[in-house]
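Use the sequences and the hints to build the structure in full.
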Amino acid sequence: MNDSRQDVPAGFEPVHNAGSFAETIGPVYVRDPGGENPVTGLFYDPGKHGNPMGRMHGGVMMSVLDQHMGMIAFRHSGGQPIASISLDYDFVSGVRERSWIEFTGELTRAAPQAIFVRGEVTANGRILMTGAGIWMVVKPKG
Amino acid sequence: VKEIHINPNGLLHGGMLMTMADHVLGGLVWAMSERRTSSTVNLVTNFLAPGRLGDWVEGRGQVTRQTRSLVFARGRLYAGDTALVSCSGTWKYFGDPTPKDGMDEER
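Quick mapping for you: the protein sequence lines, in order, are chains W and Z.
FYI, the numbering for the first sequence is 8 to 149, going by my numbering.
FYI, the numbering for the second sequence is 21 to 127, going by my numbering.
Hints listed in this document are in silico derivations from the structure and should not be mistaken for laboratory results.
The following residues of chain W were derived to be distant from chain Z, with all beta-carbon distances above 12 Å:
{"id": "1", "residue": "Phe50"}
{"id": "2", "residue": "Asp52"}
{"id": "3", "residue": "Gly54"}
{"id": "4", "residue": "Arg82"}
{"id": "5", "residue": "Pro119"}
{"id": "6", "residue": "Gln120"}
{"id": "7", "residue": "Val144"}
{"id": "8", "residue": "Lys146"}
Computed, partial: chain Z to chain W, Cβ under 10 Å:
{"id": "9", "residue": "Ile24"}
{"id": "10", "residue": "Ile26"}
{"id": "11", "residue": "Asn27"}
{"id": "12", "residue": "His33"}
{"id": "13", "residue": "Thr39"}
{"id": "14", "residue": "Ser59"}
{"id": "15", "residue": "Val61"}
{"id": "16", "residue": "Leu63"}
{"id": "17", "residue": "Thr65"}
{"id": "18", "residue": "Phe67"}
{"id": "19", "residue": "Gly109"}
The following label-pair restraints were derived from C-beta to C-beta distances:
{"id": "20", "chain 1": "W", "residue 1": "Glu43", "chain 2": "Z", "residue 2": "Ala51", "range": "43 to 49 Å"}
{"id": "21", "chain 1": "Z", "residue 1": "Trp76", "chain 2": "W", "residue 2": "Asp39", "range": "39 to 45 Å"}
{"id": "22", "chain 1": "W", "residue 1": "Pro53", "chain 2": "Z", "residue 2": "Trp76", "range": "27 to 33 Å"}
Backbone N, C-alpha and C fix where the C-beta goes; we use that ideal spot for every residue, glycine too.
Below you can see the structure in the form of structure tokens.
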């Protein structure tokens, strides 16, 4: 679908080079990706992201929050590549209408080999889903 | 696994695996409950091995416990004999006769 650019809140820019899966479910936008409080955004399009019960599909929320929390984890990996080990999501409420959805998160702990991040998905300030994840820091072999 | 499912590292995107885990376990819950509609309340996904382009991914699971309003299920996703994901989740039926936990479905 074509999002009208003027609908995107100020400060958000389209995410490029996020891989073909992200392009398939997107477009996905981000604000302040290198800053203290990055926010990822997506328009919920009921025709594209709806589930059979007429609400936003949990798979879309899980996928985008995975990427957002992974971005936060990577900032704390000292430049090393990371891999998701475990993700735990609670589905708190649903959304039906086309809405601007925001994905936020914060570091819980960065240990030398594992990085812990928590995050949440909101629509107009209402929590749709909360999540917590663990990323492994991939050390170079040898 | 097709090109559209690939992440920037060239591997199967975790979001696709989580979506599939939700469908495999949610479908199982639906089938085991005489097709009552339910929604996912919680889903935990552990990533055991990466999925790759061209893999055929299969899900298997079981219902571990059913109550009047909640169903618990767990399962795994495989590519051949390799387990890619272990997952477990909780589903809640719609139209529960005694909704008192304050779960706010719409707003």
